[in-house]
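Under our numbering, the first residue of the sequence shown is numbered 941, with each subsequent residue one higher.
These aren't lab readings, by the way, just hints derived from the structure by calculation.
Okay, derived cross-link-like pairs now, DSS-like style, lysine-lysine, Cα gap no bigger than 27 Å in a straight line:
1. Lys1085 x Lys1007
2. Lys1033 x Lys981
3. Lys1007 x Lys955
4. Lys1007 x Lys981
5. Lys1007 x Lys1033
6. Lys1085 x Lys1033
7. Lys1059 x Lys1007
8. Lys1059 x Lys1033
9. Lys1033 x Lys955
10. Lys1033 x Lys1111
11. Lys955 x Lys981
12. Lys1111 x Lys1059
13. Lys1059 x Lys1085
14. Lys1085 x Lys1111
15. Lys981 x Lys1059
Listed next, with one range per pair, are the computed distances between beta-carbon atoms:
16. Ala1101 x Glu1044: 20 to 30 Å
17. Cys946 x Ile1118: 35 to 45 Å
18. Gln1097 x Ser956: 37 to 47 Å
19. Ser1086 x Gln959: 20 to 30 Å
20. Glu978 x Gln1119: 34 to 44 Å
21. Lys1111 x Ile948: 41 to 51 Å
Predicted model only: the values in this text are computed from it and were never measured. Where is the CB? At the ideal position from N, CA and C, for every residue including glycine.
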Amino acid sequence: LVTVACVIAIAENCKSLTQLDLGNCGLVTDAGVIAIAENCKSLTQLDLSRCHRVTDAGVIAIVENCKSLTQLNLRYCDQVTDAGVIAIAENCKSLTQLDLGDCEQVTDAGVIAIAENCKSLTEIYLRLCSQVTDTGVIAIAENCKSLTLLDLNCCDQVTDAGVIAITENCKSLTHLCIQ
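Given these sequences and hints, build the entire structure.
Structure, rendered in structure tokens:
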């Protein structure tokens, strides 16, 4: 199992990393993520999916230090809230792919910040973000016109209004999940 000590060793010894996949490393905490943020500033792709111990503090450290991120996967990082998502929006304007699937604490406030600041997004995953409503989805539709993929599976508060706004504004869409 990959522990915090291992992640810190990676951070301290592999400072030129551009891609790092820590998905399913359930023992990774903010301490390891902060070490990555402070040492691996050239990251363009980071996968922290299923790192349940990572909080907004780790996310904020990453986005404040790794300004070249284009792909960020936070799926099942259930301690991440709008505070972390807003920090992503403010610091990672070149993001093309963002996965917030099953980040149950994320609301329209975070999604709107992403939509207004990350206009280069081509893929956004909001699967199981139960607090996201039409308001957030309409903001995506109005601002992220280059979307090719949008995952809204199990977003029970999204109605026809949100989906119709996406179809009317995101003409490059090739993959839409709305189950």
